[in-house]
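Each residue of the sequence shown is one higher than the one before, starting from 1 at the first, in our numbering.
Hints in this document: simulated from the structure, not taken from any laboratory. Treat the hints with caution; some may be incorrect.
Said to hold, decoys possible - Taking lysine-lysine pairs in the DSBU-like style, the calculated list, with each CA pair at most 35 Å apart, reads:
1. K54 <-> K5
2. K6 <-> K58
3. K37 <-> K10
4. K14 <-> K32
5. K50 <-> K5
6. K3 <-> K54
7. K59 <-> K6
8. K3 <-> K62
9. K14 <-> K62
10. K6 <-> K16
11. K50 <-> K16
12. K49 <-> K23
13. K32 <-> K16
14. K62 <-> K32
15. K3 <-> K14
16. K59 <-> K32
17. K10 <-> K58
18. K49 <-> K3
19. K36 <-> K6
20. K23 <-> K3
21. K29 <-> K62
22. K62 <-> K6
23. K62 <-> K16
24. K23 <-> K6
Stated by the list, open to error - Label pairs and their calculated CB-CB ranges:
25. R2 <-> A39: 29 to 39 Å
26. G70 <-> R2: 38 to 48 Å
27. G70 <-> K3: 42 to 52 Å
28. K37 <-> K3: 13 to 23 Å
29. L11 <-> S53: 13 to 23 Å
30. K58 <-> I35: 17 to 27 Å
31. V66 <-> K3: 28 to 38 Å
Remember, predicted model here, so these are calculated numbers, not experimental data. Note that the Cβ used here is the ideal one computed from N, Cα and C, for glycine as well.
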Amino acid sequence: MRKIKKIEIKLNGKAKSIPENYKVSDLVKNLKIPIKKVAIELNQEIIDKKNISKIILKKNDKIEIVHFIGGG
1 MRKIKKIEIK LNGKAKSIPE NYKVSDLVKN LKIPIKKVAI ELNQEIIDKK NISKIILKKN
61 DKIEIVHFIG GG
């Protein structure tokens, strides 16, 4: 059995261990985040949600996921 290699990223300021070759879309799916209600920033750049299945997270990436909250 092959051991899955893990890498460390920062998710909303906290260290998180994820499998190597993990995509932003995998992270969003795993966290059960409603994609329509968030903004995603990778290394201080907002990313287009159309591209999240193409972006592979790398060691020490910093990802911020911000939820939109309605109200008045």
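Margin query: Hints numbered earlier in the text: which of these fail when held up against the supplied structure?
Written below: 28
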